[in-house]
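Sequences listed follow chains A and B, in order. Using my numbering, you'd call the opening residue of the first sequence number 1 and step up by one each time. Using my numbering, you'd call the opening residue of the second sequence number 1 and step up by one each time.
Note that these hints are calculated values from the structure, not bench results. Be careful, since some hints might not be right.
As the list claims (entries may be wrong) - Between beta-carbon pairs, the in silico distance windows are:
#: 1; chain 1: A; residue 1: 203; chain 2: B; residue 2: 306; range: 52 to 58 Å
#: 2; chain 1: A; residue 1: 45; chain 2: B; residue 2: 209; range: 22 to 28 Å
#: 3; chain 1: A; residue 1: 77; chain 2: B; residue 2: 209; range: 22 to 28 Å
A virtual CB, placed ideally from N, CA and C, is assigned to each residue, including glycine.
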Amino acid sequence: MSDGEGNIVQFDNVGLRYGTEREVLSDVSFTLYPGSFYFLTGASGAGKTSLLRLLYLAQRPSRGIIRMFGTDVITVPRKALPAFRRRIGVVFQDFRLVPHLSAFDNVALPLRLSGVPESEIRKPVADMLDWVGLEQRREARPATLSGGEQQRVAIARAVIARPEILVADEPTGNVDPDMALKLLRLFEALNRLGTTVVVATHDVHLLKKVPDSLIMRLDRGRLSDPTGALRYPPRRETVVP
Amino acid sequence: MSGPPSPIRRNAPRFGSADRLVPHAHFAGPMPWVIAIMIALTVIAAGAGLALRNLAEHARAEIAGGLTVQIVEGGPAERARQAEVAVAVLTNREDVREVRRVPEAELDALLEPWLGQTGLPEEDAIPMPALIDVRLEGPATERRLAELRASLTASVPSARVDAQAGWLAPVFEAVRSLQWLALGLIALLTATSAAAVWLAARSALGSNRETIEIIHLLGGTDGQIARIFQRSIGADALLGGAVGLLIGVGAIVLLGRQFARLGSGMVAGGGLGIAEWGVLAAIPLVGIVLAMFTARITVLAALRRML
Chain A
1 MSDGEGNIVQ FDNVGLRYGT EREVLSDVSF TLYPGSFYFL TGASGAGKTS LLRLLYLAQR
61 PSRGIIRMFG TDVITVPRKA LPAFRRRIGV VFQDFRLVPH LSAFDNVALP LRLSGVPESE
121 IRKPVADMLD WVGLEQRREA RPATLSGGEQ QRVAIARAVI ARPEILVADE PTGNVDPDMA
181 LKLLRLFEAL NRLGTTVVVA THDVHLLKKV PDSLIMRLDR GRLSDPTGAL RYPPRRETVV
241 P
Chain B
1 MSGPPSPIRR NAPRFGSADR LVPHAHFAGP MPWVIAIMIA LTVIAAGAGL ALRNLAEHAR
61 AEIAGGLTVQ IVEGGPAERA RQAEVAVAVL TNREDVREVR RVPEAELDAL LEPWLGQTGL
121 PEEDAIPMPA LIDVRLEGPA TERRLAELRA SLTASVPSAR VDAQAGWLAP VFEAVRSLQW
181 LALGLIALLT ATSAAAVWLA ARSALGSNRE TIEIIHLLGG TDGQIARIFQ RSIGADALLG
241 GAVGLLIGVG AIVLLGRQFA RLGSGMVAGG GLGIAEWGVL AAIPLVGIVL AMFTARITVL
301 AALRRML
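Between the sequences and the hints, there should be enough to build the whole structure, so can you do that?
As structure tokens, this is what we get:
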């Protein structure tokens, strides 16, 4: 296995089980390269969310090696993990917005966590809300936002600090097809700026919309490689499963 | 669609607006009032402890060199003669600062509540010893007492010499016990306050678990999350501390006035000085620090269970 040079994430024979249940992920090995766009597909229960949880460092694997940004994140001290997490943007399947904060404050959260002064927060957050079409809803609490609006706030929050990796779990699950396409274009725009994007979805139609994307498919916890995404160099060809 | 706006990235984990992340209402509730009660009780216990210390020190200083000489002689004439000799002997000593024969009238007044009307004819009255109040230079040690007894009984055989501190020793013991009791109460109240904050922090952690998880996954450090709770409990403790101090000081002032009305010389020595009021005023500050420290330790311990 390489030292991780030239890649941003490297999984090597990773397995994950909860308690004494059977493994939800088995022998998962893949490499993500900077600036690539990946779709993670698979039926419900295939292990997509579990794999993403490993990617955004919410979970340690039961076995195997995970290297991120050239560092073994399994053995790294716990106190070093926040610095890694700040380099990852996450769009959670259930949005996970902070309920008592406004849309503005939710989007500003990663910047505040990074210690950005308030004077430097206002403009980028306003621009980002404008970008996702929510400038008029900046003071709204999540409970008063529609599903699609909440999703856009979650996406704005995930990208505001320009992460090196963007991990999105079913980001178009709660929006109409037009908005889904709009959000996908947003991910592509971010991808063009150099962010590695991983989008988990079970919507096969979505995969056709991003021509240069690579596809990883999970089937009952095992990863397959229909587009050669896991090879090096990755084959940039979209094959709809 | 145009590209995303240019963002700002920093890696230094400072946390300017931490207090905006967890709603205060979840941590507040009865907490300020619990802290107010604890601080009030601690201030009262500490005030009582300090007053008792002052009272004991004042009384000890007052009677440190005090002696009482009794001339226990049945015959009034002989008693008066021996008393005069004793006064003369004592006055001539260099280590005696002051000698005062307690007048008969003063003795009668002292005994009147127990013996009733005095001033009976000599043959009908209960023979009372003559009393001489003596102040030595320096404390009345056992060695000095023995030496003085020896020199006095040579010329005044009926003289009995007692150190006043000896009579009050049980009172001092009781005062010391009360001081320990006050100290114990302060320790118990401190432990109870810490336990209350611990419970409140655990409860706040539970009710804000979702928010904490989000902050954690977005790259918030344990220190940042703990600081949110520290600030929250700090604000509660500030409010509770101020109210508690007011109640505590109010109670001490009222009790002080009550005791002052007793008019007892010993109790009068129990007043508090500026430094002692300063100590009482510092109790809420200590309470705030303790509450914030407890909240921090509790939250950090709970967060350590997360990845």
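These are the hints, each one checked on the structure:
no.	hint	in the structure
1	A:203 / B:306: 52 to 58 Å	violated (32 Å)
2	A:45 / B:209: 22 to 28 Å	holds (25 Å)
3	A:77 / B:209: 22 to 28 Å	holds (24 Å)
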